[in-house]
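Just so you know, the sequences run in chain order A and B.
This note's numbering applies: residue 75 is where the first sequence begins, and numbers increase by one.
This note's numbering applies: residue 115 is where the second sequence begins, and numbers increase by one.
Don't read these hints as lab results, they were simulated from the structure.
This structure is a prediction, so every number in the text was calculated from the model and none was measured.
Glycine included, C-beta positions come from ideal geometry on N, C-alpha and C.
There could be a bad hint or two in this list.
[What the hints assert, rightly or not] With a cut-off of at most 27 Å between alpha-carbon atoms, the simulated DSSO-like pairs for lysine-lysine come out as follows:
#	chain 1	residue 1	chain 2	residue 2
1	B	369	A	507
2	A	504	B	305
3	B	332	B	188
4	A	464	B	416
5	B	291	B	277
6	A	507	B	277
7	B	188	B	178
8	B	416	A	507
9	A	507	B	263
10	B	263	A	429
11	A	450	B	188
12	A	504	B	263
13	B	291	A	504
[What the hints assert, rightly or not] Which bits of chain B does chain A cover? Going by a derived footprint, with three or more residues having C-beta under 8 Å, they are:
#	stretch
14	253-267
15	302-309
16	350-359
17	362-369
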Amino acid sequence: MPMLRLQLGAIGGGGRKAGPGGGERAVANFDEDCVTMAVAAAMNCLDGIDRASVDGVLFASTSYPYKEKQAASVIAKALDLRRDVATADLTDSLRAGTSALRAAIDSVKAGSARTVLVIASDCRVAAPRSALEKSFGDGAGAFLIGTGDVAATVEHHHVISDEIIDVWRTESDRFVKSWEDRFVVEHGYTTNMVDAINGLLQKSGLAAKDFSKAVLYSPDARSCAGVARATGFEAKTQVQDLLFGKLGNTGAAFAPMLLVAALEQSKPGSRLLLANYGDGAEALAINVTEHVARLWTKRGMKWHMERRAELSDYDTYLNFRNLQTSDVDRRGGQGMSATVHFRDRDEDISFRGHKCRRCGTMQFPFQRVCFQCFAKDDFEQVRLSDKHGKLLSFTFDFFAGSPNPPLIVTMTEVDGGARVYLQMTDASPKEVKLELPVEFAFRKIHEYGGTPNYFWKCTPLRS
Amino acid sequence: MNPEAIRDKVAIVGMGCCKFGENWDKSPEDMIVEAAFEAYEDAGIENPQEQIEAVFCGAVYPNKGTAEVADALKLFGRPVSMVTNYCATGTDAFRYGVFSVACGMYDTVLVVGFDKPKDRGVSGPSAVTTGVRGLPMTPAGWFSLCAAKYFETYGAGREDLAKIAVKNHHNGTLAPKSMLKREITVEDALKAPIISWPFGLYDCCAQSDGAAVAVITKRELAKRFRDDYVLVKAVAIALAPNPQSDPSFDFLRWKPTVYAAQQAYAQAGIANPFKEIDIAQVHDCFTLTELLTYEDLGLCEKGSAKDHIASGTFALDGELPVNTDGGLKTFGHPTGATGVRMLYENYKQLQGKADKRQVKNATVALSHNIGGAPQTCGMTIIGMP
Chain A
75 MPMLRLQLGA IGGGGRKAGP GGGERAVANF DEDCVTMAVA AAMNCLDGID
125 RASVDGVLFA STSYPYKEKQ AASVIAKALD LRRDVATADL TDSLRAGTSA
175 LRAAIDSVKA GSARTVLVIA SDCRVAAPRS ALEKSFGDGA GAFLIGTGDV
225 AATVEHHHVI SDEIIDVWRT ESDRFVKSWE DRFVVEHGYT TNMVDAINGL
275 LQKSGLAAKD FSKAVLYSPD ARSCAGVARA TGFEAKTQVQ DLLFGKLGNT
325 GAAFAPMLLV AALEQSKPGS RLLLANYGDG AEALAINVTE HVARLWTKRG
375 MKWHMERRAE LSDYDTYLNF RNLQTSDVDR RGGQGMSATV HFRDRDEDIS
425 FRGHKCRRCG TMQFPFQRVC FQCFAKDDFE QVRLSDKHGK LLSFTFDFFA
475 GSPNPPLIVT MTEVDGGARV YLQMTDASPK EVKLELPVEF AFRKIHEYGG
525 TPNYFWKCTP LRS
Chain B
115 MNPEAIRDKV AIVGMGCCKF GENWDKSPED MIVEAAFEAY EDAGIENPQE
165 QIEAVFCGAV YPNKGTAEVA DALKLFGRPV SMVTNYCATG TDAFRYGVFS
215 VACGMYDTVL VVGFDKPKDR GVSGPSAVTT GVRGLPMTPA GWFSLCAAKY
265 FETYGAGRED LAKIAVKNHH NGTLAPKSML KREITVEDAL KAPIISWPFG
315 LYDCCAQSDG AAVAVITKRE LAKRFRDDYV LVKAVAIALA PNPQSDPSFD
365 FLRWKPTVYA AQQAYAQAGI ANPFKEIDIA QVHDCFTLTE LLTYEDLGLC
415 EKGSAKDHIA SGTFALDGEL PVNTDGGLKT FGHPTGATGV RMLYENYKQL
465 QGKADKRQVK NATVALSHNI GGAPQTCGMT IIGMP
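Generate coordinates for the entire structure from the input sequences, incorporating the hints supplied.
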């Protein structure tokens, strides 16, 4: 969940402030998109886990900036996973997150992979000042699917496919579009969700009372209550909090993120129902095991809900999404050289540094000749992204053309020795000082040439 | 290496400099011709097509490279070459010229430094890059990175930087060819908009257009041109690691200056720079650059710059006046021209032709450029025979 929140009452601009109970939504920073949020979620997911054990990455999203070019491969590279990792994008439907979960489970069950990383992430853009803009949120959820001492197992599932034009975006559309609300809720959302859940209950022989929590994707609270009522769930006690007025509807990531929240609150032995909607619907019955406690140490929804900062105003949000005219052309210029990107991707995307085998000096970027002992081509690569660091120096640059000046630029020393010239993100100049402990976040560094160009930034270490 | 290989062998016998500024109505040709013909007149050269045997050019943003100079001055049929070395470009062009004369290949050569960044339509140097890391980036962002650490270590602050800006603005009002001619106060500097902390607007030099030219010849021939010629004692270039990737960088000094100073002092035979150098033009792209340079050049102890700024050591009437013409602060920084423009000021000062900004009894003068992130330094030391 991105750190920034936009007050719903501020949407529309004119310095409007939220009224009491107006709520807020999560907003990706200007340097965040579905890919960077996916990497952040996956880093938390894989914390303490040997990344070499990951055999596959499935990425689910409807808002990946490229129409042709895979996101899962960027994510796998940023996570510095093995070269022979199997990657795929599941896209074009809000249901993509649960589809990816099922596909991962199937491949682990079939034995074609030991562990598969599933990430759902969305940063959908609605027309400025529209109702959708208020209801959307940005975020990502990540799960590692495997065998052994798992935190939860999936017992049963039921899937329904449906053809309905309810929410869509064509290749040339900038903003998500929607047909009339009542039609979408009645004939799309409710019908499909009820059919999927009832199908699951019938198949499994389970009843609503056998579940401690139902995690139900929903465009709004009322529709959710309708589905719960129609399938025998007690809306007030049995349905996972939809976080309306806090997170917002995070699209393909919404149901997965709610599942993370549910797992954080689940006791061993409890059973969850996960139901997701989009071009049909699907329902999964999930058994929580005694190993679920291991998840509670990770940065889940609770940690992210508490880490928040308010966006100052609506205009800043519009500027973040390039929806406002500005004299800084963030998408202009010649852009990144594909060949430079190709040569530097181990440094830029996987964020590896060089450690001299002779004198041990860490250096970034890669060197052919050691700064310290002048040995040639005698380095080993070391992943820096999962380490912490501290600030050696910094400046606040008001001239660099950032959509949210000042740009905080730092010299950061990574624990273990490498120094990197890094921008800082999700931080205010007030908290910046020498020796400040930082961690690393995969972010968009610029959009020259009209493409998102990713690199790492530092961000204050928040415990 | 023979550090004395060039000492006192080459003389500057003529110099010219166009007015620096946002020269909207002038082309590179206009500026080069203006500076070169002033230098010709200064050296008493009446037939440059006969008398100039080689041309060494320095520019960072040329449109046509060497042809820009050869076409403008109609100097054909002889070697014309060009060097680019970040902000040390003008000094490096001068260095090649000095070497070519010192080795006896040519008698008299022309050194031309010029740049016309204001034709590019940007208000500051834009970092052109094809890579990903570090964008968007600004030179102010690079040069300010020493500030936090230096301030904390030595107790200096924005007020000390402001005093440097005030001094250079004052000196600039006395230089006919400077761009900015307005006195400022410490308060003006402190309340100006921040560009990249701790640099406010007045801590940064401007972008400007300019050209400067030197005529150099071998010492034995210098008297044929003029009596008050000036001798070259040292000209040095040194590179150092990019501070953004140097594992041993301490954020308290810039290694390029330290390295180049070692070379230059060895060439000139200088043991105590504070005593032996009378005036200095140093690279004040940002006020902090000038502050660090005082110390990196050994003009004062590391950490003591603040006290010397307060006591006026480097003011026009101080013990060692620095940036007597107002520096980059008031001339702006057409990169290729700057090193040669500094030589122009030192040359005029040593000849006693610096009018209201004239420093008394100056016989040895230093100039210094530092550029890149920063990674390169160029230095010259010139003196009276």
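We went through each hint and held it up to the structure:
| no. | hint | result |
| --- | --- | --- |
| 1 | B/369 x A/507 | holds (24 Å) |
| 2 | A/504 x B/305 | holds (19 Å) |
| 3 | B/332 x B/188 | holds (23 Å) |
| 4 | A/464 x B/416 | holds (25 Å) |
| 5 | B/291 x B/277 | holds (23 Å) |
| 6 | A/507 x B/277 | holds (25 Å) |
| 7 | B/188 x B/178 | holds (14 Å) |
| 8 | B/416 x A/507 | holds (23 Å) |
| 9 | A/507 x B/263 | holds (10 Å) |
| 10 | B/263 x A/429 | holds (26 Å) |
| 11 | A/450 x B/188 | violated (48 Å) |
| 12 | A/504 x B/263 | holds (17 Å) |
| 13 | B/291 x A/504 | violated (42 Å) |
| 14 | 253-267 | holds (count 9) |
| 15 | 302-309 | holds (count 3) |
| 16 | 350-359 | holds (count 4) |
| 17 | 362-369 | holds (count 3) |
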